[in-house]
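Novice: Chains as they are written, first to last, in the numbering used here: chain A, 4 to 243; chain B, 10 to 255.
Rather than coming from a laboratory, the hints here were simulated on the basis of the structure. Just so we're clear, the structure is a prediction, and the values are computed from it rather than from any experiment. For each residue, glycine too, the CB sits at the ideal point set by N, CA and C. You may find that some hints are simply not true.
Unchecked claim - Computed footprint of chain A on chain B, listed as stretches where at least three residues anywhere in the stretch have a Cβ under 8 Å from a Cβ of chain A: (1) 97-109; (2) 114-123; (3) 194-206.
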Amino acid sequence: MSEFFQEFKRVMFENNRFDFILDGLKNTFLITLGSLILGIALGVIVAIIRSTYDKNKLHLQKNGGISYYLFSFFNAICQLYLTVIRGTPVVVQLMIFYFIIFASTDNGVLVATFAFGINSGAYVAEIFRSGIMAVDNGQFEAGRSLGLNYIQTMIYIVVPQMFKVVLPTLCNEFIVLLKETSVAGYVGVIDLTKAGNTIAGRTFSYFIPLISVAVIYLVVVIILTKLVGMLERRLRNSDH
Amino acid sequence: MTTNETLIKVEGLKKAFGKVEVLKGINIDIKKGEVVVIIGPSGCGKSTFLRTLNLLEEPTGGHIYFEGTDITSKSANINLHRQKIGMVFQQFNLFPHMTILKNMTLAPMKLLKVSKEDAEKRALELLERVGLADRADSYPAQLSGGQKQRVAIVRALCMQPDVMLFDEPTSALDPEMVGEVLEVMKNLANEGMTMAIVTHEMGFAREVADRVIFIDEGVIAEEGTPEEIFKNPKSDRLKDFLGKVL
Chain A
4 MSEFFQEFKR VMFENNRFDF ILDGLKNTFL ITLGSLILGI ALGVIVAIIR
54 STYDKNKLHL QKNGGISYYL FSFFNAICQL YLTVIRGTPV VVQLMIFYFI
104 IFASTDNGVL VATFAFGINS GAYVAEIFRS GIMAVDNGQF EAGRSLGLNY
154 IQTMIYIVVP QMFKVVLPTL CNEFIVLLKE TSVAGYVGVI DLTKAGNTIA
204 GRTFSYFIPL ISVAVIYLVV VIILTKLVGM LERRLRNSDH
Chain B
10 MTTNETLIKV EGLKKAFGKV EVLKGINIDI KKGEVVVIIG PSGCGKSTFL
60 RTLNLLEEPT GGHIYFEGTD ITSKSANINL HRQKIGMVFQ QFNLFPHMTI
110 LKNMTLAPMK LLKVSKEDAE KRALELLERV GLADRADSYP AQLSGGQKQR
160 VAIVRALCMQ PDVMLFDEPT SALDPEMVGE VLEVMKNLAN EGMTMAIVTH
210 EMGFAREVAD RVIFIDEGVI AEEGTPEEIF KNPKSDRLKD FLGKVL
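Next comes chain B alone, as it looks inside the complex (with noise of 0.2 Å):
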């Protein structure tokens, strides 16, 4: 799926919370269609690298090009080019002041101008091919971890994102409901999708990513197709990763 038209340009990108430097120099492009998957230790900065993205970090240095254009100068809208970010938190964020159709109607309505017939309209579509048509009505909190989920990476589909990010959806959810989660980012990915996903699940990342990145330090120590990153990892770092992850 993957093209050769570059989406996200990541260039010398930089993230210091106060004295402490989290993000030490990233460089990375990601293309149109491409499924990079994100892995390494806790706290090496995976999470906080995913979230500089959308700007949700501010970074403390370098550059980033979303579709071409510099998000991270002054002069950008950051409003206008996250409506084409779509983001998936771990702990779902779903509003739980309103519906399930509600939530995913909000901000097409507010920033697409589109009028509630057509927002609706598409909701249910999506509801359905996530298999959630008949919750539309429900509150999220009373739907089960992974249903609202769906409903999160559904939510973000409404806006038309170009790229979703993915910051590890399946951690908060109960083994039994991580399957159905990644069933729905799976069909996503093989729909062309371009995604970034943040995630401990390495039978996933090695099935469905068209690369993988193994971020350890604050760096990319190490990236590949996911047969060179699981098959033949070259850093020991890497190598001491998977040992302990797999």
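Just chain A, with the same shape it has in the complex (with noise of 0.2 Å):
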């Protein structure tokens, strides 16, 4: 046993060698946050156009005019963001950001966070589309009959009943966020798993460096959904 201590701590730590896994853990948390947020900001969007233009598509037609064909535009981007975005590995999209489109930068963490951002955003729309759509009708009509207007209700009355109907979705969608960024170190980004391979090649010892990344992963999602989890609990409470 003591033996496998000894190789533990040769691989993993000589030559400040667990520095690579420190940097790489913050490189995992930076992305993944850093995408997170930007997943948000565009689900929000994205979201809310699609289920604007799903729910006044007659109303718009009929009154003709040039919103319908500002919203049938925009929806159409939406839609065609949607369907690339989740049509294609994410690996691909991550190197096409990083060899094409950003090739002037070698920033390499900031365009991953962009690349999985932009990723994250068509998924997180889906969940806060499905999320609006789970708040009754009922709602909407009461807030319109009280004569606020179409943002008004969406920001005062559907939307913060939205959040609280995907909040766990949402939460489970930063999980796998977190997992995903695994693939960074294919645009050389030194992120958790690219820590652990680089250790691997430099001292020929697979096992460890790759076990040990693993369980920080593990670690890390334990505690995450267990957070989750409480999340889930009081959100049910306040339901009374």
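The two chains are supplied separately, each in an independent frame; assemble them into the complex guided by the hints.
Specialist: Structure (structure tokens):
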């Protein structure tokens, strides 16, 4: 047993190799958090455009005018975005962003954050859209009947209720995102996975660094899952 | 209480859902202070008619004039008119994520730019009147159905509307809670509020209505005072309907 610990110490800690892990973990968190925020912002916008279009399509069509074409246009863009992003692997998207679109920069973390954010936005948009649809239409009508306009009704009445519906799903998306960022190494970012792989390359020992990385992911995910569970219970309690 | 001033004038109102024509040309004037009760068999279009009055359902034909303005015209700002048209729904539709007080003060604060203090003061006065002042800080889910509907009524009143629309306000309530809601509505009628009420409560209609409208197959089949409608129905369809519900 002590032999194993000796080996563990040699592989993971000699020559400051553990710094790779710390750096990697930091980058993993940075990319995950940054892309989550970007994803939520994108998701809200896309979800509102799509559900507004679905809800008011007939009304807009009948009244004609510029707003119908404007909404159709934006809706088509959103559809295209969802189809392309959800229809291609995230690694391919990441490499396109890094090697083609942002070829002039070598800030891998920033590009990765951007790529994962745009990717996550597509999934978050559909989560939000289902949340908006889950809010009873009577809520919307009650808001409108008081004289609130469409946007006010969305902001004060529909979206707060939507968040409550989607919060657990959103947190799971966060966990999925955390694991997805493990492909950031493809564009030269030292994330947690790449850190483990680097240590493995330098020490010619694969078992210890890769298992260590797996354990770190697992511990982080377990902690996050526990937090989500607590959140869900709190939300349920506030239902009275 | 009825005056001669017309508040709502409906002309040739039509509404179709796809190919199904629900309203086939409705004409009616509602005077200021008048209480109009709308009755009719289920599926006759009475709820749809009520919901077109504040354009929750968009008419496919005809005109609705509210306080002299054609609200069906494209240039009308319906949001402004809706501030003056209170609505109470069968399913209450209170906002579950807000306290009762917040439910009531949201619209006055956002739309009429009333200060928080003033909005809360008025809300509490109204809650007092319907005997729910102690529930101001509760959430809708903590209230009974009858209490929810009373809150829904005073929430609409917070906007100081000129007319109140009631879409089957007691149909989702347990029988023992119907009375408390009708009581609030009766008081409102006595205070001179203009009201249009879709209901199955014939006793209430008889007692409170200035005029009863019988809608059948998308048109007003018969109208008159409660006396005329309930004691001397003329058309066979109304006789048949009353025979089933009374």
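Novice: Are the hints correct? Go through all of them and say.
Specialist: Now the hints, each set against the structure:
With 7 residues having a beta carbon nearer than 8 Å to a beta carbon of chain A, the segment 97-109 of chain B meets the requirement of three or more and the stated coverage holds. Counting residues of the segment 114-123 of chain B whose CB lies closer than 8 Å to any CB of chain A gives 4, so the stated coverage by that chain holds, three being the minimum. Counting residues of the segment 194-206 of chain B whose CB falls under 8 Å from any CB of chain A gives 0; the rule of at least 3 is not met.
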